[in-house]
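*Asks:* I would like the entire structure built from these sequences, with the hints used as guidance.
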Amino acid sequence: MTGAGPDGSLLLDVKDLSISFPSRNGMVRAVNQFRMSIGHRERVGLVGESGSGKTVTALSILQLLPTATVEGEIWFDGVDLLKSPADHVRGIRGRQVGYVFQDPLSALNPVQTIGAQLMEPLRIRGVPRKEAFERAASLLDRVGLNNPKERMKAHPHEFSGGMRQRVIIAMALIAEPKLIIADEPTTALDVRVQAKVLDLLVELAEERQVAILLITHDLGILAGFVQRVVVMYAGRAVEKCSIQEMYHRSIHPYTIGLLGSVPRLDGEIPIKLATIGGQPASALRVPSGCPFHPRCLLASDRCREDEPLLTTPPGGQHASACHRAGELALNPGVLPEPVVAR
Amino acid sequence: MSSVLLRVENLTKDFPVRYLFRRHEAVHAVDHVTFEVRRGSAVGLVGESGSGKSTTARCIMRLIEPTSGRILFDGEDVTSVEGPDKKRLRRSMQIVFQDPYSSLNPRMWVEDIVSEGLRIHKLVGSDEERRARVIELLELVGMERAHLRRKPSALSGGQLQRIGIARALAVDPKLLICDEPVSSLDVSIQAQILNLFRDLQQRLELTMLFIAHDLATVRHLCDYIVVMRDGRVVEQGSREQVYGDPQDPYTQELMAAVPVPDPELERERRQLRRRLAAAADAARKA
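These protein sequence lines are chains Z and F, in that order.
First residue of the first sequence? That's 25 in our numbering, and the numbers climb one at a time after it.
First residue of the second sequence? That's 1373 in our numbering, and the numbers climb one at a time after it.
Please note: incorrect hints may appear among the correct ones.
Quick list of in silico lysine-lysine cross-link-like pairs, DSS-like style, CA-CA up to 27 Å [as the list claims (entries may be wrong)]:
| # | chain 1 | residue 1 | chain 2 | residue 2 |
| --- | --- | --- | --- | --- |
| 1 | Z | Lys220 | Z | Lys173 |
| 2 | F | Lys1657 | Z | Lys220 |
| 3 | Z | Lys173 | Z | Lys154 |
| 4 | Z | Lys296 | F | Lys1546 |
| 5 | Z | Lys154 | Z | Lys177 |
| 6 | F | Lys1494 | F | Lys1458 |
| 7 | F | Lys1657 | Z | Lys173 |
| 8 | F | Lys1459 | F | Lys1546 |
| 9 | Z | Lys39 | Z | Lys107 |
Think of the hints as simulated: they come from the structure by calculation, not from any bench.
*Replies:* Here is the structure:
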């Protein structure tokens, strides 16, 4: 992996993260014993369906969850953010870690000019106005907006969705962060604009040596974007591997089912998509044992009782939280025959 | 009986744009659109937001009035039918909407939602007959008798969309229009609903007009494709033709933009996108 820094350190190392929210029926655990890491300059995808806990995980890194109880360790650049004073975390937000939100319109202030919003992180750091203006304008130019100096005076409503997302990307980059968290950055965009925005993000990340955590439900957009993937289900990491491994040699029934659910633009058209029955587990009622067992065609008694840990089967390339991962590893990427026939 | 169920001819819909001090103008939301839907086929209407695909569907259903053009349905000109004829038309065309949360009445029982059309069009005699029909419809879409006395708030997104489909099928329509019926659902649930559509297509010999922005989904379900941009049809043809060998530069660009779940392929496709974008730029400058 491009991963570790000069001293072998990771940029982000999340250990045993648990996130709970108060509810009428006591605490609800949205994320449970979650671990993941990102190396310097590495691009990692966090995939899951709605309610899998991917967004709260990302928000917890910057401590943007005021009502939640967050336990565990979040090491960023050698410091545990969960044990750091609020000042330190504030210094990281926007400067060390940039955030690209799903909906660019609600992430921008409607009554401030684009320029003022873009320059804000620099101004807070004490960069002189003139220099901040020049840097902001040149970044707008870089993300593909023509006539950037004029655009700086415009307000968000004057921009199209794709242009707004480009502005958000510029905002995330302006303070030269080490990590960008992009939470469903293109779900609100049309497909051609989506491709352009994603291609731009990859280009910029390589050019500026920034690591990216891409959060998405769309397995397609990961393919050209990240090097490594963490698949989440019911607040847990259920599979962790390289992007090639996930697409071609997955050893978790959820991931395999999810991949089969996506209609494709190439190849034969299947009569039925090999989908997963039932509905995604809710944090309010996480099933016993393996949280995926009610939807899993391979589930056995053991799966109903005891929760599998994320482990790498012997000789394997990647980790899976499935009691039958060893079996799946013999013929990765497919579910065993008799099960498919059912 | 002609093999063509629906023919849209030069359909145009203008929306007025009013200015305070300038002359009022019109936006051509749909601009001389012509296509046909054959009986038993599934036609995909694709395009990005603002391309006029939903407006086209709404005109066909007469939910909004077209500015000009003709709509021929089942051998009959229905462009301006009114009264009982319009009611009859509504029975033969049904629509499934994108967002099941806002298209089902939250105060109604599932049973009443599904049977409303049966009552309005007086398709069943007794209460027993009506209930039997509703149960049959629920089972058809993969739901159960137990769901009769539920309200939408007690159901998940995928289940709600199944109810929306059952409601549309209740009156035995000749044409089912689906406006982005899976785009608000989770990936695994999308696949369940797509499988349901495939199943219904085969069992009921449904004729479908399927509106979507997702080209892969449309490829999965539809045998004929109409591509729209800015209110116009830029390309139409069979699935093999449009996906295998797209002619219009816009269609080509659209196809290249769809991510393919394969890291090696996707790297090549990024190069293709760069080339297409460069070619489009050059064409604009020339």
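*Asks:* For each hint, tell me whether it holds in the structure or not.
*Replies:* Results of checking the hints against the structure:
1. Of the supplied pair hints, the one linking Z:Lys220 and Z:Lys173 holds, its CA atoms being roughly 22 Å apart against a limit of 27 Å.
2. The hinted pair formed by F:Lys1657 and Z:Lys220 meets the criterion: a straight-line CA distance of about 20 Å does not exceed 27 Å.
3. In summary, the hint linking Z:Lys173 to Z:Lys154 is supported, as the alpha carbons are separated by about 12 Å, within the 27 Å threshold.
4. Restraint check for Z:Lys296 and F:Lys1546: satisfied, since their Cα atoms lie roughly 24 Å apart, inside the 27 Å limit.
5. Between Z:Lys154 and Z:Lys177 the alpha-carbon distance is near 14 Å, which keeps this suggested pair within the 27 Å criterion.
6. With a C-alpha separation of about 15 Å, the suggested pair F:Lys1494 and F:Lys1458 falls inside the 27 Å cut-off, and the hint holds.
7. Restraint check: the Cα-Cα separation between F:Lys1657 and Z:Lys173 comes to about 23 Å, which is no more than 27 Å; the hinted pair holds.
8. Between the alpha carbons of F:Lys1459 and F:Lys1546 the distance comes to roughly 14 Å, so the proposed pair stays at or under 27 Å and holds.
9. Distance check on the hinted pair: Z:Lys39 and Z:Lys107 sit about 13 Å apart at the alpha-carbon level, within 27 Å; holds.
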